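Participant: Single-letter residue listing:
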Amino acid sequence: MLRGNLSTRPFYNERLVNAAIGAVALVALLLTALNATRIVSLSRERAAVRARLASSRSETARLSGHVRTLQQGTDRAVLARLASAAHEANELIERRTFSWTTLFTRLEKTMPLDVRLLSVSPRVDKDTLSVSMTVVARSLDDVFTFIDALAATGAFYDIGPSEQTTNDDGTYTALVEASYLAARPAPPADSGAGSLSEARP
Amino acid sequence: MRLWSRVYQERRPVIVALLVVLVANLGVLLLVVWPLASSLASTQAEALQEMANLGLARRLEAQAAQAAARRREVEGELQHFYGQRLPRDSQTATRTATLWLQRAAREAGLEFRNSRFDTKDVRESHLLRADSTVTLIGRYGDIRRFLTEVEAAKEFVIVDRVELAQSDSTQPGTSDRIEIALNVSTYFPDTPTR
Numbered sequence: 011m012l013r014g015n016l017s018t019r020p021f022y023n024e025r026l027v028n029a030a031i032g033a034v035a036l037v038a039l040l041l042t043a044l045n046a047t048r049i050v051s052l053s054r055e056r057a058a059v060r061a062r063l064a065s066s067r068s069e070t071a072r073l074s075g076h077v078r079t080l081q082q083g084t085d086r087a088v089l090a091r092l093a094s095a096a097h098e099a100n101e102l103i104e105r106r107t108f109s110w111t112t113l114f115t116r117l118e119k120t121m122p123l124d125v126r127l128l129s130v131s132p133r134v135d136k137d138t139l140s141v142s143m144t145v146v147a148r149s150l151d152d153v154f155t156f157i158d159a160l161a162a163t164g165a166f167y168d169i170g171p172s173e174q175t176t177n178d179d180g181t182y183t184a185l186v187e188a189s190y191l192a193a194r195p196a197p198p199a200d201s202g203a204g205s206l207s208e209a210r211p
Numbered sequence: 010m011r012l013w014s015r016v017y018q019e020r021r022p023v024i025v026a027l028l029v030v031l032v033a034n035l036g037v038l039l040l041v042v043w044p045l046a047s048s049l050a051s052t053q054a055e056a057l058q059e060m061a062n063l064g065l066a067r068r069l070e071a072q073a074a075q076a077a078a079r080r081r082e083v084e085g086e087l088q089h090f091y092g093q094r095l096p097r098d099s100q101t102a103t104r105t106a107t108l109w110l111q112r113a114a115r116e117a118g119l120e121f122r123n124s125r126f127d128t129k130d131v132r133e134s135h136l137l138r139a140d141s142t143v144t145l146i147g148r149y150g151d152i153r154r155f156l157t158e159v160e161a162a163k164e165f166v167i168v169d170r171v172e173l174a175q176s177d178s179t180q181p182g183t184s185d186r187i188e189i190a191l192n193v194s195t196y197f198p199d200t201p202t203r
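Chains A and B, in that order, give the protein sequences. Residue numbers for the first sequence follow our numbering, so the first one is 11 and each next one is one higher. Residue numbers for the second sequence follow our numbering, so the first one is 10 and each next one is one higher.
Keep in mind the hints are simulated off the structure, nothing from the lab. No experiment lies behind these values; they were computed from the predicted model shown. Beta carbons: idealized from backbone N, C-alpha and C, even for Gly. Incorrect hints may have been included.
[To be verified] These stretches of chain A come out as covered by chain B in the derived footprint (C-beta under 8 Å, 3 or more residues):
(1) 23-35
(2) 51-58
(3) 69-77
(4) 123-137
[Claimed, not checked] Calculated pairs, DSS-like style, for lysine-lysine (alpha carbon to alpha carbon, straight line, at most 30 Å):
(5) A:K119 with B:K129
(6) A:K136 with B:K163
(7) B:K129 with B:K163
(8) A:K136 with A:K119
Please work from the sequences and hints to get the whole structure.
Facilitator: Listed below in structure tokens is the structure:
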């Protein structure tokens, strides 16, 4: 049986070839469309992000400039000066609002009959109010009775006689120092009472 | 001629055109789309960083604005304190620490004995201190009333020390006349205000 094909242009399945070329053309078309879509969407997105970035940078620069302007008026030296002035003013107000009436009322209630008050002076030191009292007593026991009575009020603490002297007449002069929890009275009108805010550097 | 060669020869324009399109698409993918996506990712990262910077700048601005407002508040309070509460100058301070105290003592029923007045600089401050030592004589109750009036007065007078002179009986609460020495002070700006 003769199996050779003697035709110079034998037939082949052209439909199959056309279908393959068509499929490749479709893939090329889809790929082109995909690329074009991606380019457009990426470009748009990048433009939007760049616009946001530029806006953020501009806003950051504006805020930084504003901060510099604000800080020029509140540099450390200015704040330190203000803090010092406010502290001084508060200390003066603290001393001004010290209630001698309350202190004398407490002393009247606590002082034994054989103890006599010679002098009294309050002192504000590092936010602690201290009171120094010089008293004359017939005996040291009277001084300590006075100290115990002061402690019992709850308004005095760290109480102690820092100096004691025996007088010619047999009495004792003692310097009694105590930290004092002063009950702050209601600030009188226009008396300068009421503390100031503290500026912190 | 083999079959594939014959198909190629017969449809070369179409096949070449398709190959060119495919290669061009590959080129666009490699040279445009991927770099663009990469650029977008880095721009987004940059934008995120910038958003963080912006948040930080907003916080700093808020803190600086708060500090500035606080400074203005403290300056205002200090100005009010120096201008409205303290004696405005040396003359006013002198009058407050001497004449006003004497008048207040007289009104409280105390007898004025003597006074000494002095002005001092206050270290590291633009305030000056006016000190006065006043000696008064009277009954204990009058002294209490005088101190209460000084506490309630609008004048900025600080009673620094109270000394009770020895007498027959200076026990607080008794009605005998006693001598009282007061150390009082007031403060005023070294440059007159108002």
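Participant: Now tell me, hint by hint, if it's right for this structure.
Facilitator: Hints versus structure:
Taking a C-beta to C-beta cut-off of 8 Å, the stretch 23-35 of chain A contributes 4 residues in contact with chain B, enough for the three needed, and the coverage statement holds. By the rule of at least three residues with a Cβ nearer than 8 Å to a Cβ of chain B, the coverage given for the stretch 51-58 of chain A holds, with 4 such residues. Only residues whose beta carbon comes within less than 8 Å of a beta carbon in chain B count, and the stretch 69-77 of chain A has 6; three or more means the coverage holds. Under a criterion of three residues with beta carbons nearer than 8 Å to beta carbons of chain B, the stated coverage of the stretch 123-137 of chain A is upheld, 8 such residues being counted.
Taking the CA atoms of K119 of chain A and K129 of chain B, the gap is about 37 Å. The hint is violated against a cut of 30 Å. A C-alpha spacing of about 26 Å is found between K136 of chain A and K163 of chain B, which places the hinted pair at or below 30 Å, so the restraint holds. Restraint check: the Cα-Cα separation between K129 of chain B and K163 of chain B comes to about 23 Å, which is no more than 30 Å; the hinted pair holds. Distance check on the hinted pair: K136 of chain A and K119 of chain A sit about 28 Å apart at the alpha-carbon level, within 30 Å; holds.
The structure is inconsistent with hint 5 alone, although it conforms to all the rest.
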